[in-house]
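Now for the letters of each chain:
Protein chains: 2
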Amino acid sequence: MSHYIAPVKDMLFVVNELAGLDQVGRLPGCEEVTPDLVEAILDEAGRFAGEVLAPLNFSGDREGARWHDRQVAMPAGFKAAYTQFAESGWTALGCDPEFGGQGLPQLVSAPVREMWKSANMAFSLCPMLTNGAIEALEIAGSAEQKRMYLPKMVSGEWTGTMNLTEPQAGSDLAAIRSRAEPQADGTYKIFGQKIFITYGEHDMVDNIIHLVLARLPDAPEGVKGISLFVVPKYIVNADGSLGDRNDAYCVSIEHKLGIHASPTCVMAFGDNGGAVGTLVGKPNEGLKTMFIMMNAARYAVGLEGLALSERAYQKALGYARERIQSRAIEGSPVPVAIVHHPDIRRMLMLMKSQTEAMRALAYVVAAAQDAATRHGEEAERRRNQAFVDLMIPVVKGWLTETSNEVAYLGVQVHGGMGFIEETGAAQHMRDARITTIYEGTTGIQANDLIGRKIAREGGATLKAVIDLMRQTLAETGRQDGAEFKALAATLGEGIDALAAAGDYLVAQYGTDVRAVAAGAVPFLRLMGIVAGGWMMARAALAAQAKVAGGDGDPFFPAKIATARFYGDHLLVQAQGLAREIIHGGVSTLAVPEEMLG
Amino acid sequence: MSHYIAPVKDMLFVVNELAGLDQVGRLPGCEEVTPDLVEAILDEAGRFAGEVLAPLNFSGDREGARWHDRQVAMPAGFKAAYTQFAESGWTALGCDPEFGGQGLPQLVSAPVREMWKSANMAFSLCPMLTNGAIEALEIAGSAEQKRMYLPKMVSGEWTGTMNLTEPQAGSDLAAIRSRAEPQADGTYKIFGQKIFITYGEHDMVDNIIHLVLARLPDAPEGVKGISLFVVPKYIVNADGSLGDRNDAYCVSIEHKLGIHASPTCVMAFGDNGGAVGTLVGKPNEGLKTMFIMMNAARYAVGLEGLALSERAYQKALGYARERIQSRAIEGSPVPVAIVHHPDIRRMLMLMKSQTEAMRALAYVVAAAQDAATRHGEEAERRRNQAFVDLMIPVVKGWLTETSNEVAYLGVQVHGGMGFIEETGAAQHMRDARITTIYEGTTGIQANDLIGRKIAREGGATLKAVIDLMRQTLAETGRQDGAEFKALAATLGEGIDALAAAGDYLVAQYGTDVRAVAAGAVPFLRLMGIVAGGWMMARAALAAQAKVAGGDGDPFFPAKIATARFYGDHLLVQAQGLAREIIHGGVSTLAVPEEMLG
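First to last, the sequence lines map onto chains A and B.
With positions in the first sequence counted from 1, the corresponding number in this note's numbering is that position plus 4.
With positions in the second sequence counted from 1, the corresponding number in this note's numbering is that position plus 4.
Any given hint could turn out to be false.
Just so you know, same-sequence chains aren't split out, so a pair can sit in one copy or run between any two.
What the hints assert, rightly or not - Derived pair list, reagent style DMTMM-like, types lysine to aspartate or glutamate, alpha-carbon separation capped at 25 Å:
| # | residue 1 | residue 2 |
| --- | --- | --- |
| 1 | Lys489 | Asp516 |
| 2 | Lys550 | Glu597 |
| 3 | Lys13 | Glu598 |
| 4 | Lys489 | Glu142 |
| 5 | Lys292 | Glu334 |
| 6 | Lys292 | Asp393 |
| 7 | Lys193 | Asp73 |
| 8 | Lys550 | Asp14 |
| 9 | Lys489 | Glu597 |
Hint data in this document are derived by calculation from the structure and do not stem from the laboratory.
For reference, chain A alone in the conformation it holds in the complex (with noise of 0.2 Å):
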């Protein structure tokens, strides 16, 4: 099967050039987070990804997750991989050193997490889990909370679950109706049905925290009456030690498209007489902490879509070049390898160029997140974090439905190939079909960006984002050589059509809500296409500066064509979105409901 090399010199570029390691590197404890020290972790963790969780990839697809008698068994080598995962130290990368974590920036762990990703999406979903309820105990944990469960989880010796759907509460949690009833000590019992749970129920480790939302006896109706439990899979006595089997059990797990070694699971609480859990925070208070998590969550899916298009670009590079197929167009004495066919080039270019547009923009992200949380002033600290809040719709939203495309490229660059299972490109476009939609549907991320983000404070954050942007194109303007002036024209254009269109959504929000929201998706699409340019021009400059003093390394003179390519064929689309965003929303709503089919 296909193999994974972590591609740890792009990495490396990003975090230093684009992302300002130095800056993350003067943040409040980040002072040991030097280049140095980031080039050996992604060193170590490219390995460990290449090596371990790599190989796992293929065949947990085939065999999956199976179910049994309440049971999850994980497909061959998952455990052992996971055993040596966590004792490397890898689950605790970013948490809090009070429990046991290494601390270190969003920048460092980035980058770490898209390796895991790329190599063993499945695999990788057990881990983010846990991060999310780590985060979420973090927050609104009791003191006894944390003391309880935190240390095992960033240890990894237990799992951590985030259950919040259930059938008729997917999007709108406020539909929620898992019920929290009060004891005489202090507890809950749990009863309810959550769907679509990610590692609810595996073999991999002792226990398995899960963090519940459900509704107590008084609460209001919808979503200021959810609170947020703890529910562990085995009661954690005082001394820590494990104790009964809690009434929470795996019911069923789902058949899916993808991420088969990936258990889905629908959990029942408390059909036994009730799930014991502790209440996490204030009463009704649950999505409060779940918002905040969400940031988090939405961004970890973002990193996802990255990792499999880097995932599939190699796998299709790979075979484009052992391919033979075929003479060339301009005439060849012999077939050729299928990477010198004009078009099979264009695909990977539109791979490799958007995979690396879209890694620019998740690192610089996440320095901003750094910022965001460590930054010694206020001041800087909420211009990072209004940067952070416009930027994760787009990075959840434009990374995963781009990678889809870029997996879809994939298969296609294999031929027939590709539709063959055991090649393998398949599972990446499987895979990545998930990424749209759960933690909020590209639609919901839209729909974020354009209101939450854009619209309510009037388009400042989003203005100066374009200043931002067009400081990078005048200094691409200022340039010498071809590659710079086409790119400085279709970045130009670029920017003047997401201001465009974003005046248009902050003049028209308030007037006709639903014709704006028509446009939503185009409008996430043209900000993520216009910031991946904004990206590559940035990544462009880097590259002519290293030229310009004299380093030969090939990789800046095709760092520069790629921003070339990138505009040439992704920022043309620009206008034409802008377009669709500003006039096509009366069109979209034109045609009565009934009329539909």
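Using the hints, position chain B against chain A.
Frame of chain A, contents of chain B only:
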């Protein structure tokens, strides 16, 4: 599982108003093809598709074809359905009356075939491949071969296959190595392995007639040394009864992403002494016959794209109407059906409008095929054939690529349920994935389009088609109302973009073929989008004529609104595509191959 309701109303609208059934009905041999007859046929086919074939689509996918000991067992119900299909005369619909066919024109068989493909694509591949084999024998078979094979293939008693691909010969048939040794009795012994042979083995009929490409001993190398042979599974005796089992065996079947019920076979010819075959046509002219058939095969795969889009749309619309989730963005007292949410509506309209545009283009090309083969005047035959030749790669490439986007959106409309296989939406996405690959990848279609179909004749037919488009544009511009104004604007831009891109490629093809070829697929997409817009404008004009004539059917205003949507959301992409085509070739090829990763 999901239902399928044949969209007879839209089919008849296209057949009558856009594809010119009245004119087809005046062609020799088509005198009985009246609107009433066509409606009766479509109604009957729609019933069969909905009641017999559609219910087996999901179960066929889950069960799949199973290989054991060189035999293939079809999923439950398939054999009975096939028998009923043949006994009802559906296999004979478009075939030559001389061999028992009904001789109906393409304009009638196209919508009928669309139904089979919508209802059960995996099933439909069996008669589709049989049709290909029938056509090959009709084109090049001897009188004896025709007498021996055609009546039972037309009646559906036997099925047929096309054996082209070998492991080293996928897109490049020049690399074929299978060989044929002449025998004293005038037959040949065939040796070689073929892969990706659709329905190469199955248990629905008594005999399977394989058409096989192979080389004679003295054949020249490359494409000029390939001959075509007919190799039945069971030798047919002179009296028509079945004789010995031939040495042609299915040695395995592929485990594929989709179309699980369609067995994709590895065929071994001659492993036990040689498979007995007879030569079809002249020695070394096998590819010539294949090329004549190719239009039909590529057109048929294009229809698959249309058909899967229709099915995916019906499924998504049904779910969107049933699923209640979240309040309306403009405010609502209670949660609403998701069809009310603007982004869901946008996705549904993208699915609907593109499906309708694809259907219109496909049927118009079907009518042109009828005129190209049946018209009494040579000039008309030639004019129509030129149109067909130009449009075949667009029908194949654009319809199939679009169907993948449509099926992708279909999953997205379902949210989390779309990722669960039991829902069925994912199957359409999996099934669609092969359509851009087999019968020539999109890249191969696009190279055919820009090279053989456009550059070689200096763009003459393209220019003639653009003139027709401009006539429609002028008529669109003369209509009153916001819909037509908007549509005229976007269609005008689209036509201009297509014309500019066409001029570029005609001018540059001889000078810098690699840079031009780098834009081949974007050009195919541009041509598809603009041709679809042309068709939607014609549809809107036809609908407007009905409205003006006092017809109160809401179908017509909905068609006009859908056409405008198509312009606002699809045609607006045209100018960006033209820029990509005209300016993007250099950057596609700029990064040296060794620097791709």
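Here is how each hint holds up against the structure:
1. Lys489 <-> Asp516: between (39 Å within a copy, 22 Å between copies)
2. Lys550 <-> Glu597: Intra 57 Å, inter 22 Å, cutoff 25 Å: inter-copy only.
3. Lys13 <-> Glu598: Classified as between: cross-chain Cα gap 15 Å, same-chain 55 Å, threshold 25 Å.
4. Lys489 <-> Glu142: Result: close neither inside a copy nor across copies, 49 Å intra and 58 Å inter.
5. Lys292 <-> Glu334: The answer is between: 23 Å across copies meets 25 Å, while 62 Å in one copy does not.
6. Lys292 <-> Asp393: within (16 Å within a copy, 61 Å between copies)
7. Lys193 <-> Asp73: Within one copy only: 23 Å inside a chain, 57 Å across chains, cut-off 25 Å.
8. Lys550 <-> Asp14: within (14 Å within a copy, 60 Å between copies)
9. Lys489 <-> Glu597: between (47 Å within a copy, 24 Å between copies)
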